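Q: Sequence:
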Amino acid sequence: MKATQTQSEATSEAITLVDVRTPGEFAEVHADGAVNIPLADLKEFAEDFKDIAKNKTIHLMCRTERRATIAKETLKEMGITATAIVPGGMTRWLEEGKNVVRGKKGMSIERQVRICAGGLVVIGAVLGYFVNPAFIALSAFVGAGLIFAGITDTCGMAMVLGRLPFNRIKTETCSLR
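All residue numbers for the sequence shown refer to our numbering, where the first residue is 1 and numbers rise by one.
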């Protein structure tokens, strides 16, 4: 099932649960009745969110709660305060055995980050050994980024990867209405 199909079929009255994970994560498993608007795409739906928030609370969900917290702050900056975060996100939703829709297994954004970070570290080390020692700085930069991500729970690489075409929805084919 494609996430965009769920969105285009939904009505503003039915939408109260917005999943801000990537389309791949959403396609793999999502709460029954949820709509997928990835964190990177929230601002494109500002007017729809404002209309919905007039009558209902918008419940935000991600894997744990981190992206949902960022989404809540983003919506607040747009003047939308009728929001709530689903406690524990999809992880707790699954643990509690709540209704979900399962689809094709995709690649989570965290897995994409591990693959990219690991690849960049190896490339930096190999180029540093065989080409020029200055390339070791690439490995050091990636390592520092991972430390920063661990300390702040904010990952720049995940934000960049989330903007790639396969991690985004086609806004012209979906709507919150």
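I should point out that these hints are in silico values taken from the structure, not numbers from a laboratory.
Heads up, some of the hints might be wrong.
To be verified - Below, in silico cross-link-like pairs of lysine-lysine (DSS-like), each with a Cα-Cα straight-line distance of 25 Å or less:
| hint | residue 1 | residue 2 |
| --- | --- | --- |
| 1 | LYS72 | LYS50 |
| 2 | LYS43 | LYS54 |
| 3 | LYS43 | LYS76 |
| 4 | LYS72 | LYS43 |
| 5 | LYS76 | LYS56 |
| 6 | LYS72 | LYS56 |
| 7 | LYS56 | LYS104 |
| 8 | LYS72 | LYS104 |
| 9 | LYS54 | LYS72 |
| 10 | LYS76 | LYS54 |
| 11 | LYS56 | LYS43 |
| 12 | LYS76 | LYS50 |
What the hints assert, rightly or not - Derived Cβ-Cβ restraints for the label pairs, each shown as a range:
| hint | residue 1 | residue 2 | range |
| --- | --- | --- | --- |
| 13 | THR154 | ARG102 | 24 to 32 Å |
| 14 | ALA149 | THR81 | 24 to 32 Å |
| 15 | LYS54 | GLY143 | 20 to 28 Å |
| 16 | GLU77 | GLY156 | 14 to 22 Å |
Quick caveat, the model's predicted, so the values are computed rather than measured.
Glycine included, each C-beta is placed from N, C-alpha and C at the ideal position.
Q: All hints are to be evaluated individually against the structure, with a verdict given for each.
A: Evaluated hints:
1. Between LYS72 and LYS50 the alpha-carbon distance is near 13 Å, which keeps this suggested pair within the 25 Å criterion.
2. For the given pair, LYS43 sits about 17 Å from LYS54 by alpha-carbon distance, which is consistent with the 25 Å threshold.
3. Between LYS43 and LYS76 the alpha-carbon distance is near 11 Å, which keeps this suggested pair within the 25 Å criterion.
4. As the CA atoms of LYS72 and LYS43 are separated by approximately 12 Å, the hinted pair is consistent with the 25 Å bound.
5. The hinted pair formed by LYS76 and LYS56 meets the criterion: a straight-line CA distance of about 15 Å does not exceed 25 Å.
6. The straight-line distance between the Cα atoms of LYS72 and LYS56 is roughly 15 Å, inside the 25 Å bound, and the hint therefore holds.
7. Under the criterion of a C-alpha separation no larger than 25 Å, the hint pairing LYS56 with LYS104 is inconsistent with the structure, at around 31 Å.
8. With a C-alpha separation of about 28 Å, the suggested pair LYS72 and LYS104 falls outside the 25 Å cut-off, and the hint is violated.
9. With a CA separation close to 16 Å, the supplied pair LYS54 and LYS72 stays within the 25 Å bound.
10. Note on LYS76 and LYS54: the hinted pairing holds, with a Cα-Cα distance of about 14 Å set against a maximum of 25 Å.
11. With a C-alpha separation of about 19 Å, the suggested pairing of LYS56 with LYS43 holds against the 25 Å cut-off.
12. As the CA atoms of LYS76 and LYS50 are separated by approximately 11 Å, the hinted pair is consistent with the 25 Å bound.
13. THR154 and ARG102 have their C-beta atoms about 29 Å apart, which keeps the hinted 24 to 32 Å range intact.
14. With their beta carbons about 29 Å apart, ALA149 and THR81 fall inside the hinted range of 24 to 32 Å.
15. Checked against the hint of 20 to 28 Å, the C-beta distance between LYS54 and GLY143 comes to roughly 47 Å, which is inconsistent with it.
16. Distance hint for GLU77 and GLY156: a CB-CB separation of about 20 Å, consistent with the stated range 14 to 22 Å.
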